[in-house]
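Undergrad: Going from the sequence shown to my numbering is simple: count from 1 and add 487.
Derived by calculation from the structure, the hints in this document are not laboratory data. The structure presented is a predicted model; accordingly, all values stated were derived computationally and were not measured. Errors might be hidden in some of the hints.
Stated by the list, open to error - Cβ pair distances, simulated, as ranges:
1. ASN562 / PRO523: 18 to 26 Å
2. THR587 / ALA508: 20 to 28 Å
3. VAL494 / LEU602: 22 to 30 Å
4. THR517 / ALA556: 21 to 29 Å
5. ARG518 / VAL494: 14 to 22 Å
6. THR550 / PRO576: 31 to 39 Å
7. SER603 / GLY580: 34 to 42 Å
Glycine included, every Cβ here is placed at the ideal spot set by N, Cα and C.
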Amino acid sequence: MTGRTVVAVNCPPLTSGAGYAHRYFSFTLTRPARVPSYAGASFALDASRRSAVNPSLSRGPYTVMHTGAGLWTYNRSGVANGRYLPLGPLPGGGVLAAGTYRLDLQKLDSPLRSLSTPWFDVVVAVS
């Protein structure tokens, strides 16, 4: 996979509660990612949808990057509109190696009063 690829469009919101707080997507890199490359979710927060879609990345049984490494993006009004994991450069340096990965998009426990994320698109962009 190379180039900006939208993997899925208009994914239903993630909601609090067992079985509804995660969605998983798989992708394969045929070569190491180059700088800049990223994977995550595009969404729009507003007063009724304050809970972001949060990405984490795994390979097999191992977590490569937790959602804490996610980078926020914002629209011109300063409203969050995405959260992405850098695939190159990685937070510790280097780039993501070729291979198959699992992108976990999740609804975190907070903010506690938020029961749902907005609808979202899954984006994997590899340079």
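Undergrad: Does the hinted range 18 to 26 Å hold for ASN562 and PRO523 at CB?
TA: About 19 Å separates the Cβ atoms of ASN562 and PRO523, which means 18 to 26 Å holds.
Undergrad: Within 22 to 30 Å or not, the Cβ separation of VAL494 and LEU602?
TA: Given a distance of about 25 Å, which is inside 22 to 30 Å, the answer is holds.
Undergrad: Is 21 to 29 Å right for how far apart the beta carbons of THR517 and ALA556 are?
TA: Holds - the Cβ-Cβ distance for THR517 and ALA556, about 23 Å, lies within 21 to 29 Å.
Undergrad: Starting from the range 20 to 28 Å, see whether the pair THR587 and ALA508 falls in it by beta-carbon distance.
TA: holds (23 Å)
Undergrad: Given a hint of 14 to 22 Å, does the C-beta separation of ARG518 and VAL494 actually sit inside it?
TA: holds (18 Å)
Undergrad: Take the C-beta atom of SER603 and the C-beta atom of GLY580, compute their distance, and say whether it sits inside 34 to 42 Å.
TA: holds (36 Å)
Undergrad: Does the hinted range 31 to 39 Å hold for THR550 and PRO576 at CB?
TA: Check failed, 18 Å falls outside 31 to 39 Å.
The structure is inconsistent with hint 6 alone, although it conforms to all the rest.
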